[in-house]
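Enquirer: Sequence:
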Amino acid sequence: MELTLEEARARGAWCTAVPDWEERILEGRSLVPALPLFDAVAERALRVFKRLKVPDLIGNPTYGEVCEDWVFDLVRAIFGSYDPETKRRMIREFFLLVPKKNGKSAIAAAIIVTAAILNERPSAELILIAPTQNIADIAFKQARGIISLDPDLAVLFHVQLHLKKITHRDTEAEIKILSADGDVVTGSKATYVLVDETHVLGAKTKAAEIFLELRGGLASRPDGFFLQITTQSKTPPAGQFKRELGRARAARDGATDAPVLAVLYELPTKMAAEGAWRDPATWKLVNPNLERSVSLDYLRDEFEAAQLDGPDALALFASQHLNVEVGIGLHADRWIGADLWMMRKDPKLAELEELMTASEVCTVGIDGGGLDDLMGLAVFGRCPTTRAWLGWFHAWAHPIVFDRRKDIGPRLRDFETKKTLTVCGDPVQDIAEIVGICVRLREAGLLPEEDGIGIDPNGVGALVDALADEGIEDPLVKAVMQGWRLTGAVWTLERKLNDGTFRHDGSDMMAWCVGNAKAEQRGNARVINKQASGSAKIDPLVAGFNAATLMARSPEPSGGRSFWEVAA
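According to our numbering, the stretch in the sequence shown is residues 1 to 568, in order.
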């Protein structure tokens, strides 16, 4: 029996989950779920949208002539979720992830103009936030062009070039095109917000505050909406963009009831993991405008050029044209171990206690620098039966890091949330907690009599003193020479990653550090140093090399448990 509109709403028909999205992608079906839209409103909005002319195409065709059905489905959902009687929008947030060259910016401009035409609120603000000033200028030119090509709209709207502002003469609603280059939002009172390229705005240091302002402004405007249109990030998602993307995926998958309609053109999880994006036959799955605004020949040319230019260029192509989420950095001078790192992820090692239980002996590596660096810790264990190595990592950061290294601040906050990085609340928290872990390992009988704790000898006086206060000192604590002298540890970890005799906790924090590592060949030595990586930190990885240096000496536990006790 077909439900009435009221009955459908009562049964949660406004749920935006699309649990079968992978099948839909493969079959080329709509990614917008069936919703009890207000058809009259939806159809009116679609008629307006389709009538608008595209200013930067030869002949100025209408959007109705050049857009595919997926665009119309999105437009109907955005505007058709508005209840004309209660003046409330049943779905207020929308998230579109679509690759470059699929008409993203052109669609954004047309949607914001459509919203201005249909808006009923007097003096409403409509904000389109572009990633850069240049793109903001292009977006304004696009919106202005749409209006100038229609005689009726040219009369209805007042365009102010010098202010980059478009005003509806009847409702006095204003379209403002802003740039993410500056402070785009202060006390937002916008009714309609459209963010173009969330991955740019979301990576900014104050992005969380900006999004809070944007959503807060909509709280008293139930007729408004918040639309994000973006490609995938050029680097591993971080900060607010990572949170927004995760929220959208959770809503799409039905993992949460977040009130957001997410239309995400990305490959099914298994296909992406297996590298299916390298096959041109899969490109049409995530490029809904293929052979419209982007051609297969163009993508092939870009792909071939990226293959010639190296891993960096290939990762950039995949993220921007195929929405492939970038994992570990693949720069040309990367550490060889980066290619193998995630293959050896073992979620069971996420807790130090698990590593301790599985090990007969442990070594500790510690690496840090100034207060604007990370303090890195690595605990390596050795399995008593296979003698394979196990790794657990952690990092500490002082608040000054977030002032001095603003570019990595949002990413560090992500690691803090995952509890793989601790932000110190007092000046010696990092030292105190590292010493506590070393004491814990000693009391468990897992540290050897000597050569069990390896430390970068530079700038570690306070740490050495704190360890000595607990009776942990030479010969258990050893200075590990850095630079080219770590070559043996670097090569050892490469080989053990390759043959599977090293497994680690698989944290996002370590994936980032490993991806940051740059290898430099100096004669017969392979050097990985902090200077080459710049502000992209590798301290926990260097701590891992320190721990590996000592584990390579085949240490035996000082007491507590014998080989046979652990193996039993």
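Among these hints, one or two may not hold up.
Have a look at the derived ranges for each label pair, beta carbon to beta carbon [claimed, not checked]:
1. Gly145 x Gln429: 32 to 40 Å
2. Arg404 x Pro475: 35 to 43 Å
3. Lys87 x Arg169: 39 to 47 Å
4. Glu85 x Ser123: 32 to 40 Å
5. Lys141 x Glu433: 52 to 60 Å
6. Gly483 x Lys284: 46 to 54 Å
7. Gly28 x Met481: 35 to 43 Å
8. Glu85 x Lys284: 54 to 62 Å
With a straight-line Cα cutoff of 27 Å, these simulated DSS-like cross-link-like pairs (lysine-lysine) come out [said to hold, decoys possible]:
9. Lys284 x Lys104
10. Lys141 x Lys50
11. Lys189 x Lys104
12. Lys419 x Lys284
13. Lys189 x Lys100
14. Lys270 x Lys418
15. Lys189 x Lys164
Just so you know, these hints were derived from the structure itself, not from any lab. In this text, a Cβ means the ideal position worked out from N, Cα and C, and glycines have one as well.
Enquirer: For every hint, state whether the structure bears it out.
Expert: The hints, checked one at a time:
1. Gly145 x Gln429: 32 to 40 Å: Cβ of glycine 145 to Cβ of glutamine 429: about 56 Å, so the range 32 to 40 Å is violated.
2. Arg404 x Pro475: 35 to 43 Å: holds, 37 Å
3. Lys87 x Arg169: 39 to 47 Å: violated, 22 Å
4. Glu85 x Ser123: 32 to 40 Å: violated, 23 Å
5. Lys141 x Glu433: 52 to 60 Å: holds, 54 Å
6. Gly483 x Lys284: 46 to 54 Å: holds, 50 Å
7. Gly28 x Met481: 35 to 43 Å: violated, 59 Å
8. Glu85 x Lys284: 54 to 62 Å: violated, 41 Å
9. Lys284 x Lys104: The given pair, whose Cα atoms are some 16 Å apart, holds under the 27 Å limit.
10. Lys141 x Lys50: Distance of about 19 Å is within 27 Å: holds.
11. Lys189 x Lys104: With Cα atoms ~25 Å apart, lysine 189 and lysine 104 stay inside 27 Å; holds.
12. Lys419 x Lys284: Violated: lysine 419 and lysine 284 sit about 39 Å apart, past 27 Å.
13. Lys189 x Lys100: Outside the cut-off at roughly 30 Å; violated.
14. Lys270 x Lys418: holds, 24 Å
15. Lys189 x Lys164: holds, 18 Å
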